[in-house]
Amino acid sequence: DAGVTQSPTHLIKTRGQHVTLRCSPISGHKSVSWYQQVLGQGPQFIFQYYEKEERGRGNFPDRFSARQFPNYSSELNVNALLLGDSALYLCASSLRSDYSGANVLTFGAGSRLTVL
Amino acid sequence: AQKVTQAQTEISVVEKEDVTLDCVYETRDTTYYLFWYKQPPSGELVFLIRRNSFDEQNEISGRYSWNFQKSTSSFNFTITASQVVDSAVYFCALSLNTGTASKLTFGTGTRLQVTL
Numbered sequence: 030d031a032g033v034t035q036s037p038t039h040l041i042k043t044r045g046q047h048v049t050l051r052c053s054p055i056s057g058h059k060s061v062s063w064y065q066q067v068l069g070q071g072p073q074f075i076f077q078y079y080e081k082e083e084r085g086r087g088n089f090p091d092r093f094s095a096r097q098f099p100n101y102s103s104e105l106n107v108n109a110l111l112l113g114d115s116a117l118y119l120c121a122s123s124l125r126s127d128y129s130g131a132n133v134l135t136f137g138a139g140s141r142l143t144v145l
Numbered sequence: 046a047q048k049v050t051q052a053q054t055e056i057s058v059v060e061k062e063d064v065t066l067d068c069v070y071e072t073r074d075t076t077y078y079l080f081w082y083k084q085p086p087s088g089e090l091v092f093l094i095r096r097n098s099f100d101e102q103n104e105i106s107g108r109y110s111w112n113f114q115k116s117t118s119s120f121n122f123t124i125t126a127s128q129v130v131d132s133a134v135y136f137c138a139l140s141l142n143t144g145t146a147s148k149l150t151f152g153t154g155t156r157l158q159v160t161l
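Order-wise, the sequence lines are chains A and B. Residue numbers for the first sequence follow my numbering, beginning at 30 and rising by one. Residue numbers for the second sequence follow my numbering, beginning at 46 and rising by one.
Treat the hints with care, as some may be off.
In silico DSSO-like pairs for lysine-lysine, Cα to Cα no more than 30 Å straight-line [unchecked claim]:
#1 B/K61 to A/K59
#2 B/K61 to B/K83
#3 A/K42 to B/K115
#4 B/K61 to A/K81
#5 A/K59 to A/K81
#6 B/K61 to A/K42
Residues of chain A clear of chain B, computed beta-carbon distances all greater than 12 Å [stated by the list, open to error]:
#7 S56
#8 Q70
#9 I75
#10 P99
#11 N108
#12 L117
#13 V133
#14 L134
#15 R141
Please keep in mind that the hints were generated in silico from the structure rather than gathered at the bench. Backbone N, C-alpha and C fix where the C-beta goes; we use that ideal spot for every residue, glycine too.
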């Protein structure tokens, strides 16, 4: 069975540009989360979507947005890129949205964004 | 606010040595979950274990063992007889009952290097 797939795997952008990152969850998983991992740091929560609705948002500026499609895949969009947006962007999926904290997330390999 | 601290930035051991990775967490909640994830060079985070705050029973799984102590807010991870394939970055994470979203708060990770 395919795991969480993300595209593109690597990309280079310049400051001020816009980027769209894509994620396909494990088949049957309805919840998708996005995390940003800056080099040398732990992942930081950006968004969680469940059944196409935003369930949570981390401490990120409005330049970051996301959406989930009827097939449960998801896009993360970042506008007006800054040098500090350079990071590994990880997508994770889970069967449902368990806000009790018990959810086990399955992560993809990430999209590595470099902003020049 | 919740926080996870992994004070060990990098550990180097020789194969077959035992190694313990430390994790200290902070939260005012009484119900929470703790996780360990492994991140190999390929980038994806691999789930290792989940523990809830009411279950302080230590666990052993093959060469892996976990020591959860609420009194010291610690959730340490030990690899017995380490192998080169254990080389990776290990993250400890905390998840709370948010009532809405499912999100993980990660530590900064410990890079484990196992050499021959």
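Open item on the list: Flag every earlier hint the structure violates by its number, smallest first.
Closed with: 1, 3, 4, 6, 8, 9, 12, 13, 14 and 15
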